[in-house]
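Colleague: Spelled out, the chains give:
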Amino acid sequence: MSDAKKILVRARVNGEAREAEVEPRTLLVEFLREHLNLTGTHVGCDTSYCGACTVILNGRTVKSCTLFAPMAEGGEITTVEGLAKGGKLHAIQEAFAECHGLQCGYCTPGLLLATLQLLRKHPRPTDAQIRKGIAGNTCRCTGYQNVFKSIRMASAEMEKR
Amino acid sequence: MAGKSITKVTRKKAAGRGSSRLSANGARASAAKWVGQPIRRKEENRLVSGKGIFVDDEKMPGMLHIRFVRSSYAHAKIARIDVSKAGKFPGVVCTLTGAEIKKQVQPFIEIGPGGAQKIADYPMAVDKVVFQGEPVAAVVAETRFAAEDAAELVEADYEPLPPVVTAEDALKDESLLHPAMGTNRNWHGVFEYGDVEKAFQQAAHVVHIGRLHFHRFSSTPLECNVILANWDPRSGDIEYHCNNTFPSFASQFLAPALGVRIDQIHMKSFDIGGGFGIKITSYPYMAACALASRKAGGRAVKWVETRIEHMQASAHGNERTFLDTRVALDKNGVILAIDSKHVDDCGAFPRYEPLGCVIWAQVLPATYRVKNIRIAMRQVVTNKCPVGPNRGYSRMQHLWFMERVMDICGQALGIPADEMRVRNYIRKNEMPYKTPNGCVYDSGDYASMLAMAKKLVGWDEWKKKQAAARKEGRWIGLGIGSTLDSGTNNFGQARIINPDAPFSGQSKVGIVKLDIYGEVVVSMGSVPQGQGHETAAAQVVADALNITPDLVNVRPGFDTAHNAYTGHTGTYASQFAVTGLSAIHGAAIKLRKELSRLAAWKLQAKEKDLEFGVGAQGPEVRVKGRQKAINYWALANLVNVNNAGMPESLWDITLNCRHVFHANFQIPDVKRKYGNLTLTYAAQIHAAVVEVDRETFQPKILAYACVDDCGKAVNPRIVEGQVHGAAAHGIGAALLENCGYDSDGNLLAATFSDYTPITAVNIPELLYGHMESPSPFTLNGAKGMGEGGAAPVHTICAALQDALYSSGVIIDDSHNTGDSLFHTMQKAESGAYKGMVRVEHRRAAR
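Residue numbers (our numbering), protein chains in the order written: chain S, 1 to 161; chain G, 1001 to 1846.
Calculated directly from the structure, the hints in this document are not laboratory data.
Some clues are possibly wrong.
Claimed, not checked - Taking lysine to any residue pairs in the SDA-like style, the calculated list, with each CA pair at most 20 Å apart, reads: (1) K1051(G) - E34(S); (2) K1051(G) - G82(S); (3) K1606(G) - Q1627(G); (4) K1051(G) - G15(S); (5) K1700(G) - E1461(G); (6) K132(S) - E1148(G); (7) K6(S) - N1045(G); (8) K149(S) - R1717(G); (9) K149(S) - N1045(G); (10) K88(S) - N1498(G); (11) K5(S) - G1091(G); (12) K6(S) - Q1627(G); (13) K6(S) - E1765(G); (14) K88(S) - K1051(G); (15) K149(S) - N1640(G); (16) K5(S) - D1149(G); (17) K6(S) - S1753(G); (18) K1606(G) - R1622(G); (19) K132(S) - S1753(G); (20) K85(S) - K160(S); (21) K1051(G) - H35(S); (22) K1059(G) - H35(S); (23) K1077(G) - E1174(G); (24) K1051(G) - K160(S).
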């Protein structure tokens, strides 16, 4: 693995300019976790099913286990670490915490970002839109009931602001 | 998704009810009781912030990466393994093979007696492979990429052997997995109680039921197994950061295999991304990682299991086949006796097994009064992934069997499913109820739970709609599933498996201390994976010291360095609310006593005149009715930093209080297979309405209700979440998830895309009801809960049976999809189910 094979990947991650030299085959999730030390994004299935690795890239949710890091070159990325501002939880984080919308918390970062994207598109989502909006995010602990509740609470709170 | 719910407390005046919802962060310093309050979890904020610390988030200096090379065959002789090319690959530090490992370790201990002791279970395959995905070699390298690339260069040749895929094939003993054992049958025992034959003679009806099959599935935690191991060549100690959820069990397997003292194995976990029992048997990989670390010169080695590896070669739940069932009933449909033969399939290596061959007996009669029971239990090995104790472990298989018996008999005799249950349920006034095999059901009111479930789901209205829909040719069915979640197991039941098993009873440790600056710190003897142990522990300690949960610092995760462990330490068998919290409560009470003695001396007061609370300067002890108080900082200071002049009579005070909770168990009568196997019995009763599409045969849930009773709920918010989660696992298992194998022993669902874990689009709305029948045997009346007994598997099978019975279908498998139901209907049309259920009507019963 000589350095000559590596390429520079630059991106704005949670509002900060970040870069790292990586092997071209490095996945976006590895770039975030291993190279930028943003370990809030997780890997659950390796095959785009579970969504634990969901981040927002250039305004779209992506499964970061299924993109190569160089595909994010020059991109704008939001991870779970970028949700809270000034030490205050984002309304979505607050809603999940208040509604017990998580148990082990492993899927949660991905679900939070999927929810953010869902609520940007549908600020007041219907039940069907909620289910579809997080269809790509597997949670093995909650049975989704409190996740639905969390999303409805987040929607109501974000409407107020 | 409006979510209606009902709550009912059967005994009035449960402690701590009546307050409004409180936040753990809220400063409420009154004498409020915290146990019983649905407070927000202490864990939530770090987890929603991405600040959870999971093993793969951890690094160690000089850390290497390991990649296993795995068998593509289910059963084969290893003809050749050549790691030479891999060893020369740039970045590779070392390689390992099974043959090499065999010279360095003892095979893992086997729990089973007799021939099972001859099974040689090594961290990697030595001479032959016995399941697809079994590791045969490993590559250790500087980077994960290098390890992966080099692993591709390992050459392995196999000579295939005939695979043993089903339990019935295993029983034939034609192809043997472990030739030294001489058979594939690794355990057998008959559990017989009452007078079975006499009951059959007296029966009004005898129902014969053919083969039933409970399928293999796994709760598939979203975080796979991850191990970071470092075998330090200087001390000889092994350090593990891992997500094994039963570290005491793992240590007891690892130490003799690796030739180290138990005290040399340091284990710690922080956050764990789900477990559900599946991570208990990760110790073979823990051993392999330690050996790799040693060979690499004492550098740390990390293994991150891929999902395919997890599906093929971590653990699955037990598969069970039920044969030759006979049921004796009286004229009213009350079951007098059950006689059946059960074959459990534990996969290629027993590991935690054959404990499952007795653990089901914790719920021998299920929720029913049946007194005469004979179950011949056998376990076999097959060329499939070894099993592990998956959520609902071993009891759910048996409960499913009992519920199928109930429905099949009910339908055969024309008795409605709800009526059948009410006639057979153990009554509330019979509690505590002694089962035929000596277990004691502590409390419960199953008939009321069923009534609540029926009300929630709209049973009576659906009955009318069902009748109307049938006229339109629609297949709609209603089903009930009654389960028990037995918690706090008595390890003495292992003696029924192997009289020489050197363990029994149950224990847990809790440590509550006042740190040097007066902070209340709790170390738990549990390994939580999302169950909110930090919060529940803080609630208990807050009550004991009359402070608030946010003033209690509960250390997340498990660490042997905390010294909060015994040989039973782990998170399994639905027990933390009883064992873990009792231990923590005991430690908090010890600390309270020490604080009281210290304060009495310093404040020159009598202990009886003191009270605990929170003052202007934090938690304190004060003299009732007077302005004299001493806060925790000052009390801790007296012992730790500022102790000159303290009277000798107080020198025993450490402010570091450790308490071991012992459940009051005896060793069961091994010959009679009789004794109290479990301390508490939480129950869940579910009701569902399911429709099978006439075109696609796809089953769809139209309404679903879960009612739980786990005694006093320590934190109702957590309890409800656990019920939801267990229900989702059961619904997923019933309709989607299946670790099926083809006839060559290839796993057919090795990725999530094939296994299809349940998602937000196929989970129904879960209507929730809660009852509280406090346990007479535990602190606060709490019962362990969380496993849930796979109630939806029973409930959905019952509903499908109801929907399709008139078409001649018997639901004989626990897994049903549109595809399988299509074949089921074809089978029914060909008359295949005709002989499966046979009813003998005898003379009128007395």
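Colleague: Does the alpha-carbon distance linking K85(S) and K160(S) stay inside the 20 Å limit?
Modeller: Distance of about 18 Å is within 20 Å: holds.
Colleague: Does the structure keep K88(S) and K1051(G) at a Cα separation of 20 Å or less?
Modeller: Status holds; Cα separation ~14 Å.
Colleague: Next pair to validate is K1051(G) with G82(S); report whether the Cα-Cα distance is within 20 Å.
Modeller: Roughly 12 Å between the alpha carbons, so the hint for K1051(G) and G82(S) holds.
Colleague: With the threshold set at 20 Å, check whether the alpha-carbon distance from K6(S) to S1753(G) stays at or below it.
Modeller: violated (32 Å)
Colleague: Is K6(S) within 20 Å of Q1627(G), Cα to Cα?
Modeller: Outside the cut-off at roughly 70 Å; violated.
Colleague: Going straight from one Cα to the other, do K1051(G) and G15(S) come out at no more than 20 Å?
Modeller: Roughly 19 Å between the alpha carbons, so the hint for K1051(G) and G15(S) holds.
Colleague: Quick one, are K149(S) and R1717(G) close enough, alpha carbons at most 20 Å?
Modeller: Cα-Cα ~13 Å, so holds.
Colleague: Next pair to validate is K5(S) with G1091(G); report whether the Cα-Cα distance is within 20 Å.
Modeller: Status holds; Cα separation ~15 Å.
Colleague: Are K6(S) and E1765(G) close enough, with their CA atoms no more than 20 Å apart?
Modeller: violated (49 Å)
Colleague: So if I understand the rule, the pair passes when the alpha-carbon distance is 20 Å or less; does K1606(G) with R1622(G) pass?
Modeller: holds (11 Å)
Colleague: Just to be careful, I want the Cα atoms of K1051(G) and K160(S) compared with a cutoff of 20 Å; is the pair within it?
Modeller: Outside the cut-off at roughly 28 Å; violated.
Colleague: Do the alpha carbons of K132(S) and E1148(G) lie within 20 Å of each other, as the hint requires?
Modeller: violated (36 Å)
Hint check: violations occur at hints 6, 7, 10, 12, 13, 15, 17 and 24; the rest are consistent with the structure.
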